[in-house]
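Given chain U's structure and the hints, the job is docking chain Z onto it.
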Amino acid sequence: MHKKIIYLTPFAILFLLLALLAYELFYSDYKNLESPLIGKPLPPFHLETIFSEKKIFSEKDLVKGPLLLTVWATWCYSCELEHDMLMKIRDQYHVPIYSILYKDDVNKVKVWLLNKGNPFILSGNDKNGDTAMDLGVYGTPETFVINAQQKIIYRHVGMIDQTVWEKTLYPLLQKNGLSA
Amino acid sequence: MRTWVGFLLLIWFSNIWAQDIYPFASNQDAKHFTALTQEVRCVVCQNQTIADSNAPLALDLRKKIHAMLLANKTDAEIKSYLVERYGEFILFQPAFNKLTLILWLFPFLAIGIIILYFSAKLTKR
Numbered sequence: 019m020h021k022k023i024i025y026l027t028p029f030a031i032l033f034l035l036l037a038l039l040a041y042e043l044f045y046s047d048y049k050n051l052e053s054p055l056i057g058k059p060l061p062p063f064h065l066e067t068i069f070s071e072k073k074i075f076s077e078k079d080l081v082k083g084p085l086l087l088t089v090w091a092t093w094c095y096s097c098e099l100e101h102d103m104l105m106k107i108r109d110q111y112h113v114p115i116y117s118i119l120y121k122d123d124v125n126k127v128k129v130w131l132l133n134k135g136n137p138f139i140l141s142g143n144d145k146n147g148d149t150a151m152d153l154g155v156y157g158t159p160e161t162f163v164i165n166a167q168q169k170i171i172y173r174h175v176g177m178i179d180q181t182v183w184e185k186t187l188y189p190l191l192q193k194n195g196l197s198a
Numbered sequence: 004m005r006t007w008v009g010f011l012l013l014i015w016f017s018n019i020w021a022q023d024i025y026p027f028a029s030n031q032d033a034k035h036f037t038a039l040t041q042e043v044r045c046v047v048c049q050n051q052t053i054a055d056s057n058a059p060l061a062l063d064l065r066k067k068i069h070a071m072l073l074a075n076k077t078d079a080e081i082k083s084y085l086v087e088r089y090g091e092f093i094l095f096q097p098a099f100n101k102l103t104l105i106l107w108l109f110p111f112l113a114i115g116i117i118i119l120y121f122s123a124k125l126t127k128r
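Heads up: the protein sequence lines correspond to chains U and Z, in order.
Once you know that position 48 of the first sequence is 66 in my numbering, the rest is easy, because the numbers rise by one and skip nothing.
Once you know that position 86 of the second sequence is 89 in my numbering, the rest is easy, because the numbers rise by one and skip nothing.
For reference, chain U alone in the conformation it holds in the complex:
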């Protein structure tokens, strides 16, 4: 009996290791990196606006949170899929949404917002991606949830769909004082 256990131990360890590797291989969300900025104040930025009478968009222009700040581009396919959802979030849930355009063409952005509607209070033009680098953005769209103290409390990488909104973002915004 005692010997059996000793012989079986390596197999048990191997099995556990394989199970762990299989889990990481098939189930881990490796593309979704956790941002080191969570819990930190939103880094300051200073951008020219697009599609607004105001000239400059900086962190001082944000209303008191909770709010969403999304980094996107017209050349980004998932941003196109996400756009209607952002319109819905503004219209039905009245969440303030701001945006930063990552390396985009101002004219294309204007045409886009004219045709599809503009869900954003202000949009800043991050021509060479410096602000995006300060935010640790590695793929558009990325959406940051900012609280009333102007701290980043969450980052979502990828498009926002109904599921992400209902399961993650909306509860988080409510918990942080979103008035219904």
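I should point out that these hints are in silico values taken from the structure, not numbers from a laboratory.
Honestly, I wouldn't trust all of these hints.
[As the list claims (entries may be wrong)] Straight-line C-alpha distance at most 35 Å; calculated DSBU-like pairs for lysine-lysine:
| hint | chain 1 | residue 1 | chain 2 | residue 2 |
| --- | --- | --- | --- | --- |
| 1 | U | 169 | Z | 101 |
| 2 | Z | 66 | U | 121 |
| 3 | U | 49 | Z | 82 |
| 4 | U | 169 | Z | 82 |
| 5 | U | 106 | U | 72 |
Please read these numbers as outputs of a predicted model, since none were measured by experiment.
Same frame as chain U, but now just chain Z:
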């Protein structure tokens, strides 16, 4: 003869272009830059270094590191700049700290346990 001259000129020009992308004052600085960019992960294409990758973000990070080196920033400053924004994951060789404690100590712990186990067995005999 003419083709030969053309060929040599081509080599000469391509050499100029090859050196022009990230200019440094000395060869040593250029080597330093290459070594440093090979330690930084391209977070978009996760198993490539930013030195290898052609992803736009890798290009931006190379530019940023180049600018920081020209501004006489140290390696530690550059690395902490990157980690503050993209997380520990961006470095291929993670720093030794609270977060990475288990990662670094686990192999030694495992070896230690195995040695203890076998030495206990031997003394029993």
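Margin query: Which constraints among the numbered hints does this structure fail? Numbers only, ascending.
Written below: none
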